[in-house]
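Next come the chains, spelled out residue by residue.
Number of protein chains: 2
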Amino acid sequence: MSVADHLVCAVMAGGSGTRFWPLSTPAQPKQLLKFLGERTLLAETLARIQPLCPPERQLIITNRALVGAVQADVPQVPAFQVLGEPAARNTLPCMAAAALVAQALDPQAILVLLPADHWMADAEAFRQALLRAAERAAAGAIVTLGIAPSHPETGYGYIELGDELARGVHQVAQFVEKPNLEKALQYLGDGRHLWNGGVFVLRADRALQAIAKHVPAITAELGPLAQLPLGSPAWQSHFEQAFMRCPSISIDYGVMEHETGLEVVRLDAGWSDVGTWHSLLGMRAETQSNYVKGPAVVQDCEGCVVISTGPTLAALGLRDMAVVATLTSTLVLPLDRSQDVRSLVAEIKERGLPG
Amino acid sequence: MSVADHLVCAVMAGGSGTRFWPLSTPAQPKQLLKFLGERTLLAETLARIQPLCPPERQLIITNRALVGAVQADVPQVPAFQVLGEPAARNTLPCMAAAALVAQALDPQAILVLLPADHWMADAEAFRQALLRAAERAAAGAIVTLGIAPSHPETGYGYIELGDELARGVHQVAQFVEKPNLEKALQYLGDGRHLWNGGVFVLRADRALQAIAKHVPAITAELGPLAQLPLGSPAWQSHFEQAFMRCPSISIDYGVMEHETGLEVVRLDAGWSDVGTWHSLLGMRAETQSNYVKGPAVVQDCEGCVVISTGPTLAALGLRDMAVVATLTSTLVLPLDRSQDVRSLVAEIKERGLPG
Chain A
196 MSVADHLVCA VMAGGSGTRF WPLSTPAQPK QLLKFLGERT LLAETLARIQ PLCPPERQLI
256 ITNRALVGAV QADVPQVPAF QVLGEPAARN TLPCMAAAAL VAQALDPQAI LVLLPADHWM
316 ADAEAFRQAL LRAAERAAAG AIVTLGIAPS HPETGYGYIE LGDELARGVH QVAQFVEKPN
376 LEKALQYLGD GRHLWNGGVF VLRADRALQA IAKHVPAITA ELGPLAQLPL GSPAWQSHFE
436 QAFMRCPSIS IDYGVMEHET GLEVVRLDAG WSDVGTWHSL LGMRAETQSN YVKGPAVVQD
496 CEGCVVISTG PTLAALGLRD MAVVATLTST LVLPLDRSQD VRSLVAEIKE RGLPG
Chain B
196 MSVADHLVCA VMAGGSGTRF WPLSTPAQPK QLLKFLGERT LLAETLARIQ PLCPPERQLI
256 ITNRALVGAV QADVPQVPAF QVLGEPAARN TLPCMAAAAL VAQALDPQAI LVLLPADHWM
316 ADAEAFRQAL LRAAERAAAG AIVTLGIAPS HPETGYGYIE LGDELARGVH QVAQFVEKPN
376 LEKALQYLGD GRHLWNGGVF VLRADRALQA IAKHVPAITA ELGPLAQLPL GSPAWQSHFE
436 QAFMRCPSIS IDYGVMEHET GLEVVRLDAG WSDVGTWHSL LGMRAETQSN YVKGPAVVQD
496 CEGCVVISTG PTLAALGLRD MAVVATLTST LVLPLDRSQD VRSLVAEIKE RGLPG
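Protein chains in written order, with the numbering used here: chain A, 196 to 550; chain B, 196 to 550.
One or more of the hints may lead you astray.
For identical chains, the list gives no copy identity; a pair is met inside one copy or between any two copies.
[Said to hold, decoys possible] SDA-like cross-link-like pairs, simulated, lysine to any residue; straight-line CA separation at most 25 angstroms:
1) Lys488 with Asp535
2) Lys229 with Tyr448
3) Lys488 with Thr523
4) Lys229 with Ala242
5) Lys544 with Asp495
6) Lys229 with Gly210
7) Lys229 with Thr414
8) Lys488 with Pro529
Because the hints were derived from the structure by calculation, they are not lab data.
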């Protein structure tokens, strides 16, 4: 048996941001949107890992209100492997629950914890990096994927590389907070910094051991799940009650900062966190000036994101703009103001307009 | 009796342009849109003349398909005074029909022929100019209104002033075609050129006499209407058949270029022909940076036209743009590209998208 046979992938699909309003709504957040082709970002993420990890070894953690929509979107995943968090508790309780389920599925499980809403141009490169990480994890390491930076991004955390342990595998010297532009330019050039992509690979028992050591309150609450039959009403009931009582804390703060021997595997797969309208431009075909989706007529536009999920959208003479229309709302703003969507949504709510 | 008692106003409401797509449609062209407040441009036009000319002396000439919509929009006008042209024949047959109806209403009628879809900031100034024109018309003149230019417009025809006949009244030296920018700048400065506003004031008998002289084919077709009872089925039937057979020719080419003794009354009333999205900026309140109508949230925008007739529209960080949303379509373009709407509408039709 190879390490790949022990992979259990847990996809974190809890986001409900407003960054993609009016496309994203609480009932249809970013991970359930179809930015490319006919699959949602969540379904794309599962399809990307499926050659290594079939649906019966896939696990999705989302918020309770989205469980039905997620099950409908990826019906190939066993229904009881879609966990609905009763409340937001950041990422560490999520990792603990995922590790417990993974261990129930396979006592030697190697857990891959990854976001549901990222995009990769090169899925095969991603799987190769994942396999390399799994091999290191099988030997006891806590492994993260580090993304080769393509520009001096100030919106991400970075990983500083330590010694090289194998081809494409380094010790983690340290995790670095979001840098200023000067630092980001330095990181881009020095070859010693990668973006923190939020993907973790480690044995399930290793995860539970680390959590028990650093945040025992989570182990106290969720640990008893190991004694209950996976998918049973008793399991479900205990999960919901215990999860509510967990402290809210991230994987980074709760575990990673206190562990040593962390490793990072380099990933060079055309990655995007699909974080803003602007990031969609990176997903357009190379021959296209704009990212266009839905019934849209686009004339003399460049560098624009033009999306309609209903109305006929006609855009002319625009540069670097986002134009997004749904049956209920229309958004227009320059791509470099993407983050200001929040301010528009706030005023819409305040004025009681349908959003 | 004053001359005002003999006024009969005929409003030309036949336009069906695409310049205001997606707001304007064949079923709801520009003159039936509510750009300001709760009245359509047509209803505004009738309200503007009403102090001089009550509804029973108002006449509307539109295309046959719009008769029902026009009657519903201005129910105070007697239904048989809404004429539906069976086909487009330019403006001179329209003037002939209007003069015949005006004479049937009042043998001494002074006909005011005016577009349905223009806007004036100062309605009282418009009525004063109209009264002055009516006085000249009562004495036999053919009078047009000339608008004091506010900028070097190259899209309008101009009227060159001759001798001053009375305060604010000049002979027409000549009608001038749309000028280039250099000429337009000269016209703006020389005080001897006014915009041709497309408003004509003349006795109904004078109009019929001029048409009989210069385009007798129209008189031959429509003249017999004078012998039929206004509003009767016989009148209606003859009108439709005779109108179809009229030559298609404009008032300017058919009559004005061949008549002498034309006069022009100066109009300074904050006029706009509401010809493009850009022109709506002139109709905003003075304290506003943008023209906004409908459920819209507008942040950090300047010089923009933002209109929604349905969806919640959110615009941020825009300069000099038009953003227009209806339930079926959304348009976004820079205001200085307003004329390119036609090209978008053409592609929408070609691709069979709902418009």
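- Task: Up to 25 angstroms between alpha-carbons, please classify lysine 488 paired with threonine 523: within, between, both or neither.
- Result: Both. Shortest intra-copy (17 angstroms) and inter-copy (16 angstroms) distances satisfy the 25 angstroms Cα cut-off.
- Is it within, between, both or neither when you check lysine 488 against aspartate 535 at 25 angstroms Cα-Cα? both (22 angstroms within a copy, 22 angstroms between copies)
- Quick one: lysine 229 to alanine 242, C-alpha cut-off 25 angstroms, is that within a copy, between copies, both, or neither? within (14 angstroms within a copy, 51 angstroms between copies)
- Item | Same-copy or cross-copy closeness of lysine 229 to glycine 210 [CA-CA at most 25 angstroms] | Answer is within: at 15 angstroms inside a copy they meet the 25 angstroms cutoff, but 42 angstroms across does not.
- When no copy is named, should lysine 544 and aspartate 495 be tagged within, between, both, or neither for a Cα gap of at most 25 angstroms? between (34 angstroms within a copy, 18 angstroms between copies)
- Task: Have a look at lysine 229 and threonine 414 and pick one of within, between, both or neither, based on CA distance no larger than 25 angstroms.
- Result: neither (37 angstroms within a copy, 65 angstroms between copies)
- Under a CA distance limit of 25 angstroms, which applies to lysine 488 and proline 529: within one copy, between copies, both, or neither? both (18 angstroms within a copy, 21 angstroms between copies)
- Message: As a check of your reading, is lysine 229 near tyrosine 448 (CA-CA no more than 25 angstroms) within one copy, between copies, both or neither?
- Response: Neither way: lysine 229 and tyrosine 448 sit 32 angstroms apart in one copy and 58 angstroms across, limit 25 angstroms.
Checked against the numbered hints listed earlier, the structure breaks hints 2 and 7; every other hint is satisfied.
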